[in-house]
Structure formats: C-alpha cells, structure tokens
Amino acid sequence: MYLRATEEVPITLVDFDLVNPFYTLRPIKDTLENLGLKVIAWGKNTFMGLGEASSLLRSDMLWALHRKGNIVFDVGYGTYGAEIFNLLEDNAEGRLNIFGVVNICKPLTSTVTGIVKYVKEFGKINGIINNSHWGDKTDITIINEGIIIVSEASKILGVPVISTTVEKKLAEKIGPADFMGNPVWPLTLYMGNAYW
Amino acid sequence: MSNKKPVEGEKRAFLTGNETVAWAALAGGADIMYGYPITPQNQVMHTWSRIIPPYNRKFLQTEDEISAGFANCAGALAGKKSFTATAGPGNALMQEPQSMAEAMRIPAVFIIQQRGGPSSGTVIYSQQELTLTTYGGNGEGWRIVYSVCNHQEIYDYTIKAFNTAWTYRFPTYVMGDGYQAELREALTIYDPEERGIKMVEPQPMVGMPGKPGVDRPPVHLVNIYSLEEELYDVCIKYQMEFDRISGEITESEGKNTENPDVLVIGHGVVFRSIHEAVKEMMKDGLNVGYFRPVTVRPMDVKALRNAVKNAKKVLVAESSLGQLERQIKAYCYGLTTPISGYFLPGMGIVATDIEREVKALLKK
Chain F
1 MYLRATEEVP
11 ITLVDFDLVN
21 PFYTLRPIKD
31 TLENLGLKVI
41 AWGKNTFMGL
51 GEASSLLRSD
61 MLWALHRKGN
71 IVFDVGYGTY
81 GAEIFNLLED
91 NAEGRLNIFG
101 VVNICKPLTS
111 TVTGIVKYVK
121 EFGKINGIIN
131 NSHWGDKTDI
141 TIINEGIIIV
151 SEASKILGVP
161 VISTTVEKKL
171 AEKIGPADFM
181 GNPVWPLTLY
191 MGNAYW
Chain G
197 MSNKKPVEGE
207 KRAFLTGNET
217 VAWAALAGGA
227 DIMYGYPITP
237 QNQVMHTWSR
247 IIPPYNRKFL
257 QTEDEISAGF
267 ANCAGALAGK
277 KSFTATAGPG
287 NALMQEPQSM
297 AEAMRIPAVF
307 IIQQRGGPSS
317 GTVIYSQQEL
327 TLTTYGGNGE
337 GWRIVYSVCN
347 HQEIYDYTIK
357 AFNTAWTYRF
367 PTYVMGDGYQ
377 AELREALTIY
387 DPEERGIKMV
397 EPQPMVGMPG
407 KPGVDRPPVH
417 LVNIYSLEEE
427 LYDVCIKYQM
437 EFDRISGEIT
447 ESEGKNTENP
457 DVLVIGHGVV
467 FRSIHEAVKE
477 MMKDGLNVGY
487 FRPVTVRPMD
497 VKALRNAVKN
507 AKKVLVAESS
517 LGQLERQIKA
527 YCYGLTTPIS
537 GYFLPGMGIV
547 ATDIEREVKA
557 LLKK
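As you go down the protein sequences, you meet chains F and G in turn. Under this note's numbering, read the first sequence as residues 1 to 196, first letter to last. Under this note's numbering, read the second sequence as residues 197 to 560, first letter to last.
Simulated from the structure, these hints should not be mistaken for lab results. Careful: at least some of the hints might be erroneous.
As the list claims (entries may be wrong) - Examples of chain G residues lying across from chain F (beta carbon under 8 Å, computed):
1. Glu204
2. Lys207
3. Arg208
4. Ala209
5. Phe210
6. Leu211
7. Ala382
8. Tyr386
9. Met401
What the hints assert, rightly or not - Calculated cross-link-like contacts (lysine-lysine; reagent style DSS-like; alpha-carbon spacing at most 30 Å):
10. Lys276(G) / Lys106(F)
11. Lys173(F) / Lys207(G)
12. Lys200(G) / Lys120(F)
13. Lys509(G) / Lys555(G)
14. Lys106(F) / Lys200(G)
15. Lys509(G) / Lys106(F)
16. Lys201(G) / Lys117(F)
17. Lys201(G) / Lys137(F)
18. Lys137(F) / Lys451(G)
19. Lys169(F) / Lys394(G)
20. Lys169(F) / Lys207(G)
21. Lys451(G) / Lys120(F)
22. Lys168(F) / Lys38(F)
23. Lys137(F) / Lys200(G)
24. Lys169(F) / Lys475(G)
25. Lys555(G) / Lys475(G)
The beta carbon of each residue, even a glycine, is placed where N, CA and C say it ideally should be.
If we strip away everything but chain G, and leave its shape as in the complex, we get (with noise of 0.2 Å):
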C-alpha cells in the first residue's frame, strides 16, 4: 500500500453520502471493496475506484450481490480490511455471506442503504432494511449496526465500523437510507490517526505461515454444522459473547428523558426531524424528549428502557410499517408506557410532522 495518506489533518468537504463513504473507507485504511451496482450506493462503487489509484487499494465487481458478499468475508478472512456497499434486493441476496460471516466470526464491513419494498427494482428511499440488516439471515443476528443520521456520522462510522469489526470479529454494518445517499452536506474529512483513533491492524484468517498444530495452531473455522449439540454449543457460545461486548459497544442519544409527557424515538435520518421538531417544542415550553439508538443491533437496552419507562407515552417514528417500534417493544416488555407508531413507509418525514403527531399525543 502505498504511504501517501489519502487525508492530510482536517479538510472541509462538501459531499454525497456515498461519497462520504469511499472517502470514510480510505481514510479508514479500506484494503478493497466488492460490489454490484445497484441504487443508491453506486456512487460508492463508482467514488472508490475513482479515487483509489495514487493509494494502491483495489476494487473487484463481481457477478451479483451474493457473490460481493461472499468476496468480502474472502477478503477479510486474508487479513484484507474489506468492505462492501449494497441496497434492498442486494442486501437480502447478500443474507447468506451475511450469515456466514456471523458464524464463522468474520470481521468484514457492509454498507448498506436502504430503499423500498417489498420489491425487486424499486429504488427510492425508505427505512425498511432495519428487520433485514439488523436479524436477516439464518442465523441469530450477531451483527453490529450503526444507524447513522448524518455525514459527518457516515465518514466517523464507516471508519469506526472497520475498528469495531476487527475487534470485536462481528461483521459490522453502517446503516444509512437513499435520502443520505445522495444528500450533499458539509462534514469534515480527516484522518483518523492524526485525531488520535488507533486503527486495528487486519491479521489473516487463513493461510498463516508455519505447519498447522506444530507452528502454530491449527485454523478451524466452521461454517457447516452436522449435528444438533454442535451447533447448540456453537450458538450458546457466541451469544454469550455477543451479550459481554454489548456493553462495551451500544450507542445510543438521549433528550430530556427524565419525565418526558412524550419520547419520541427514531433512528438514522428520521432523527434529524425528530431532534429538530423536540429542540423547537422545548423552546415553546413542552416537556418532550427523544431517545436514538446510534447501534440498532445491539440495541442499548438499558438506556432505552429507563427512557421508556420515564416516559408518560412513547411515539416511534419511522420510514417503515412499524419494523423499529416492534424491535422497541420486544425490548421493553413489561413496561407498561403507552407506545405509539407514526409510519410513513417510503416517505420522508420532516420535522412538522413529528410535531403535528406530538402534539396530537399530548392532547389525548
């Protein structure tokens, strides 16, 4: 690789939220990226083999999604920081790399921004990859999401999901939506070591140097189970250690989540309305508060359930038919705060609309 850094300190930059991603991969020290196009992440693709060459990191298109899922846990399982980008269709063909990357402990990185469905071809935005991104697959969904709202929070966790991933050997997603993807927006670009954030140095997986069991010990990794108490013991396992670094890795924001009369809750670009529409009824008078999860997989339970719990009535909103507020309620069983969904599946939901549906709340 070569040692010319692709950020020097601290630059303004005024960019796409694919962009911001590429951007976010190289500066993060990103070996390679595997994709298939499709809508909205193109531009991640097309961003990332655009500017790449002067630093010698390499880019592979595959033939389909499957295959880019499955390139990437190979390119991770080398000892490669790799990643890759997809949406919709591609993130549900993507399911079964996904779910081997969770069984076999792989710490590769997924982009993915969500659009509408059900369907195959559409592309506009939605939030109604959250159920898909954060419990897709066949598995028990040991993955490590970050939901973002923002590009400054795009270029901040794409280089922070390949440090968690490497650490922690989960695959790790960071979670925007069509909206962010194409939005243009001031953020500052930098380079992580400069600002003091230690980058995880990849080791491989396989093909390590030495005879197996005399120089070194042996690799096993399993991705195929043939009996029942195998997989028992494997699942059992892993969940334990998913539960243990849950505390070190959750995220989440809160507002005014003492006695809020209304919480509202909201994750990714959904948030940005709901901390605008919060911030101007706390200026009018209203006691409001907001609760966002930062990590929807693994959700910062504790947090969420002291703000719900404070809370006389709790609004979810969302760009999806209820696929946050169900997750809400899962894990909040046994309190008994009122919860209501506002849904606007595939539609943007701005700052008046949370307000309208607050204060609704409040007169009931």
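So here's chain F without its partners, still in its complex pose (with noise of 0.2 Å):
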C-alpha cells in the first residue's frame, strides 16, 4: 500500500486546495518532482495576479484521474474540503480510495468520539491513517496512544486502519508495524522548507 513512484507506477500529486489555494506546496513543487513525483500544482513561473478574485483549477487538475499511476490529492482543510472531489471528471462512485487522516493532538480528534464524529463527516471512506503526532515534540507515547485511540474508532466506523506514519527517525525506532500489527509509514518531512 506504501506509495513508491517508478517509472511504471508513477505517482502524482495534485495541488487541489481551493478553501486555501495560495498557501500550498507551491513553494517545494521543484523539490518534490526532483524526487521523482510529478506534481499538478501552480509553480512561480506559471501563475501571475489573480489573487483572491478567483479560484485557481487547472484543466490537469481536474483530468488527473486520468493519469497513469497513483494520484494522490491535496485538499483543503477539514471535511469540507474533500468536497470539492465532486469536480473531478471521471470520479465514479467506488473508484478513489478516500482514507482519513487523523492526528489525537488536534483538539477536535482527540478522543474516540471526535474521531468517529470526525471521520463521518467525509462520507464514505476506505480506511484510516493514524497520523498522531505533536509536530517536533512528538514521542513514542503519543504515536502509541494514536495507535490505542485510533483503532478504537476504526472498530466503530467499521473501517480499517490503514497504517500509522511516523517521521523516519522516530519510525526506526518502532519498526516495519507498530503495537497493534498496523504498516509503519515513515515519513521525511518537506513542508517546512515552504515557510508554513
């Protein structure tokens, strides 16, 4: 299930942010393809004043379905900006595997309840991820309470977890799974070199 990008399956990730379109990935766009990605996303060089006076689609966003691969999606923040999957052309019912990423340190996701609450408001979903962390204070402790708290409303969405991403030195210390038998994702971390 962890995403590698080859040449056969390569992987795409597509800028898809409209609640927020201006503070994005835009600035590591050039890191990220370097690293093999292909990335569908407004660049410096491509993009010149409109401001908030519109919306910023792009026909290849829009068409990304259509791509070889894996496409991965960048939404807006909270449920609602999973709405605007409605958009896409070619989003049949049942085709995306829609998976909801959840961390215990936001207040709103916190507890079992929030979760469940949480997760339910994106509609129909194939799994979660535990993504428990508490940026750079994160331990241990925490990514294992994610792990107990997470699998609890995963039982009571009926949905599995997925796996539970770790930042890469904190994941060698866990291992290929964690606790509970669930994939570690290690994760490098590129979203800091983009300010915010």
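Fit chain to chain and form the complex, with the hints in mind.
Structure, rendered in structure tokens:
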C-alpha cells in the first residue's frame, strides 16, 4: 500500500486545495519533482495576478484521474475540503480510495468520539491513517496513544486502520509495524521548507 | 453560557495559527465573533463557528469588514467579550470602527493576520500592516498591539488580549501574518483559570439597569466632537492615560544587549529567524544580540533605547519596506548608533539571510 514512484507506476501529487489556494506546496514543487513525483500545482513561473479574485482550477487537475499510476490529492482543510472531489472528471462512485488522516493532537480528533464524528463527516471512506504526532515534540508515547485511540474509532466506524505514519527517525525505533500490527509508513518532512 | 469548559487542564495540540486563535478565544471566554471572510484569516471564522455550539457562544458574519468592526465594538459595549479577525484591505476597512474604539475606549479585540500590499486582493504573506495596525485611523494610535511569533504565543496572547482590553479599555490586537495563520505547529492549550490566570469579567457600557442620573451615573460615550477645545481635552486626557499604562503593558525581549557589535531587531515571525541566527552566531563566537518588541504599540521604548545605545550597529529585519525601521528610528531619536535595514516585502526571511547580513555589517 505504501506508494513508491516507479516509471511504470508513477505518483502524481495534485495541489487541489481551493479552500486556501495560496498557502500550499507551491514553494516546494521543484523539490518534490526532483524526487521523482509528478506535481500538478501552480508554480512561481506559471502564475500571476489573480489574487483572491478567483479560484485557481487547472484542467490537468480536473482530469488527473486519467493519469497513469497513483494519484494523491491534497485538498483543503477539514471535511469540507473533501467536497471538491465533486469537480473531478471521471470520479465514478467507488473508484477512489479515500483515507481519513487522523491526528489525536488536534482537539477535534483527540478522542474516540471526536474521531468517529469527524470521519463520518467525510461520507464514505475506505480506511483511516493514524497520523498522530505533536510536531517536533512527538515521542513514542504520543504515537502509541494514537494507535490505541484510532484503532478503537476504526472498530466503531467499521473501517480498517491502513497505517501509522511516523517521522522517519522515530519510525526506525518502532520498526515496520506498530504494536497492533498496522504497517508503519516512515515520513520525510518537506513542508518546513515552504515556511508554513 | 454553557458551564462546560472547552479545554480541561493542559492539552497538547497541533494546529494552524488560525485554529489556535479560535481555541484561545474559546478558552479565554470570548462570547462572540463578528467576521467577514478574508484570506488568510478565514480559518479563524471557520474553526470558531465549528467549535462553539456546545459552549453556547455566538458568531455573526456581517456584510463587510466595516460592519464587522462596528459590530465588534457594539458587542463589547453591550458587555460581551467580542472579537473579530481580518487582514489587509479588511484591516483598512476596519480603521473607522477601530478609531471609534479608541475614541470611546471600547475593549474590542482584533486579530490581524497580515498580508501583502499595496493591493486589495493580494493574499500572500507579508509584514506590511504594522503601520496600519499600530497607527491606522484618524487618531493617535491608542491601541495595544501584540506581535506574536509562534503558535504558543498566539494562544497565550489571544487570551491575554481579552484581559488587556477589558482592564485598560483600549482596543487590543494580536498581530500575526499569513505564514503563522497557515503554519501547523505544536503547542499546549489550556484553561487559563486553571493556570492561575484570572480572566477579567466584562461589564456592559450601555443598557445598565436604573435611571441615569438618579440610580446611577449617566453614561456619556462620545465619538463625535463638535468643538476643537473638546477634542483637545479628550486627546490630552487619553494620551496621558495611554502613557501611564504603557509601563504596565509593554513587553519585549533581548539577548546580549549589553555591548553587541551588531544588534538585530525584528518582530513577529521574522523574529524566529533572528533568534535562530543570533543563537548560531553566538555559538561561533560572534558578539551579536537581538531586541524584539512583543508589544509593537506601545513600544518598550526604554528597553529599546538601552539596547540600541549599547550596540555598535543595528540591523532591522522585516518583511516590509521599513515600517518597523521607521518606528525604531523615531523612538531612538538622538542616539547615534547607525541603523540599517534588511527589507524583504512579501518575502519570508530565514536565519541564513540574517547571518549573511550581520556578517556583512561586521566586515564594514
């Protein structure tokens, strides 16, 4: 399940955040492309002038599902951001794997009840990713707390926990699976280079 | 209001700056937010309206920022802890109600997430609302403005802003920027009372019970002056009060300000880079220091002048074209320390930028 970009199965990252289209991954687009990802996003040299007078949809964003390989959409914050999937061309019901990403260090998803309420607002989802962390203050205790709380919520929701995502240095300490057997996906963080 | 506390004890949180404002306002006992959408503060409104239902707080989206600003004043006049959030042209439109808040001593709280200019539609980061936020409006700038540099401060100072406003009855601001608004960062959220912070109870300034002049003194809140002498008297009185409280409310921080070869001055998010750069250069044995105003209005003039006087050279770094530097020079009138600027309007400033500029100054 852990995505790796290859020539046969490329990964395309689509900057599809219309809630806040200006504070996005634009500043690190080149970095990500140099890592082998295909990135559909506005860049410094491809955009000028509209400010907040418009939303910035590109046709290659709308048709992204026609691309080869795996497509990852970065949508706006909160459950309302996910409503943008309505705009995608060829978004047949059930064609997308939609995973709810949950962090117990966000107040609205800090409890089992909170996660259940939050994830239900997405509508149909295929799984939950336990992304519990406290930024640069994350430790193993927080990650383990997240595993317990998210697993409990997944049982109530009837959807599986797909993985536990962990910053790569901490991931090395945990190993390939967390203590409940969920695969650990190590993360390399790049957004710090985008200032926000 | 519901008795249920929005935050029990201390809780770790990983939030955007905008979300942090909303949670802090909730924990700080804000009764109502009046708002009008504008990037990059929209998420304050979105988060506030989403989290308040269990706590019986209110939100009103008005027809524009002028209305949001005046409604914010009206809420405070009615004895409610009210606040609004805006940015850029929204801040410009709100200057009239902000001026009224100065004139009528209304304890309204304003959250400003700075963005770029000159422009009406530029939504990106900048630090170009310092002048507007501290001295905008047709008045003398009787405002209390906290310039925050990280999310813990956004939380702490948003709570503090309500207490400052209701204690001193001057409009009070928490000023961030587009980066801080959108950045996600680790912080601890808490119930202020459980930390021993006594929250000041709001009191209505209008609509009190009893007959004015009989059961209680009449309320005479003036926003319009017909006579020059009348305005003069009010200005002198308010200026004296503002000067008197300044000593109680100014906040700043400094490092190695005794005799640095270069003193770096900056506020808000740029201070993060200054802090990191100075720490690294001090490790390398360079004699550098920093001064950071937390209240950019009123400025901690005494500490600033001491720091500047002690330094051989001063570098002011900011994401604007000298808005802070102009104020620093005015406050330091008469001192002979050379002051230069590193200005990147609209652009972020990182620690390596500061180190490069300081080292260039050291060589001169």
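Hint-by-hint comparison with the structure:
1. Interface restraint check: Glu204(G) against chain F, minimum CB-CB distance 11 Å, threshold 8 Å, status violated.
2. The beta carbon of Lys207(G) is positioned within 8 Å of a beta carbon in chain F (closest approach about 7 Å), and the interface hint is therefore held.
3. Checking Arg208(G) against chain F: minimum C-beta separation of about 5 Å stays under 8 Å; hint holds.
4. A cut of 8 Å between beta carbons decides the hint on Ala209(G): the least distance to chain F is about 6 Å, and the hint holds.
5. Annotation: interface hint on Phe210(G) holds; nearest CB of chain F at approximately 4 Å, less than 8 Å.
6. Checking Leu211(G) against chain F by beta carbon gives a least distance of about 7 Å; that is within 8 Å, so the hint holds.
7. Residue-level restraint check for Ala382(G) holds (minimum Cβ-Cβ distance to chain F is 3 Å; threshold 8 Å).
8. Interface restraint check: Tyr386(G) against chain F, minimum CB-CB distance 12 Å, threshold 8 Å, status violated.
9. The beta carbon of Met401(G) is not positioned within 8 Å of any beta carbon in chain F (closest approach about 33 Å), and the interface hint is therefore violated.
10. In summary, the hint linking Lys276(G) to Lys106(F) is supported, as the alpha carbons are separated by about 28 Å, within the 30 Å threshold.
11. Our distance criterion of 30 Å between C-alpha atoms is met by Lys173(F) and Lys207(G), whose separation comes to about 25 Å.
12. Using a Cα cut-off of 30 Å, the hinted pair Lys200(G) and Lys120(F) holds, with the two alpha carbons roughly 24 Å apart.
13. Proximity of Lys509(G) to Lys555(G) is assessed by CA-CA distance (about 12 Å); at most 30 Å being required, the pair is judged to hold.
14. Our distance criterion of 30 Å between C-alpha atoms is met by Lys106(F) and Lys200(G), whose separation comes to about 19 Å.
15. Distance hint between Lys509(G) and Lys106(F) is unfulfilled; the C-alpha atoms sit about 44 Å from each other, more than 30 Å.
16. Taking the CA atoms of Lys201(G) and Lys117(F), the gap is near 20 Å; set against the 30 Å cutoff, the hint holds.
17. Taking the CA atoms of Lys201(G) and Lys137(F), the gap is about 25 Å. The hint holds against a cut of 30 Å.
18. Between Lys137(F) and Lys451(G), the direct Cα distance comes to roughly 25 Å. Compliance with the 30 Å bound is thereby established for this hinted pair.
19. For the given pair, Lys169(F) sits about 42 Å from Lys394(G) by alpha-carbon distance, which is inconsistent with the 30 Å threshold.
20. Using a Cα cut-off of 30 Å, the hinted pair Lys169(F) and Lys207(G) holds, with the two alpha carbons roughly 25 Å apart.
21. Proposed proximity of Lys451(G) and Lys120(F) is contradicted: the alpha carbons are some 50 Å apart, above 30 Å.
22. A hinted pair counts as satisfied when its Cα atoms are at most 30 Å apart, and Lys168(F) with Lys38(F) qualifies at roughly 22 Å.
23. A threshold of 30 Å between alpha carbons decides the hint, and for Lys137(F) with Lys200(G) the separation of about 29 Å falls inside it, so the pair holds.
24. Between Lys169(F) and Lys475(G) the CA atoms are separated by roughly 25 Å; this keeps the pair inside 30 Å, and the hint holds.
25. Proposed proximity of Lys555(G) and Lys475(G) is supported: the alpha carbons are some 14 Å apart, at most 30 Å.
In the structure shown, a violation is registered for the earlier hints numbered 1, 8, 9, 15, 19 and 21, in ascending order.
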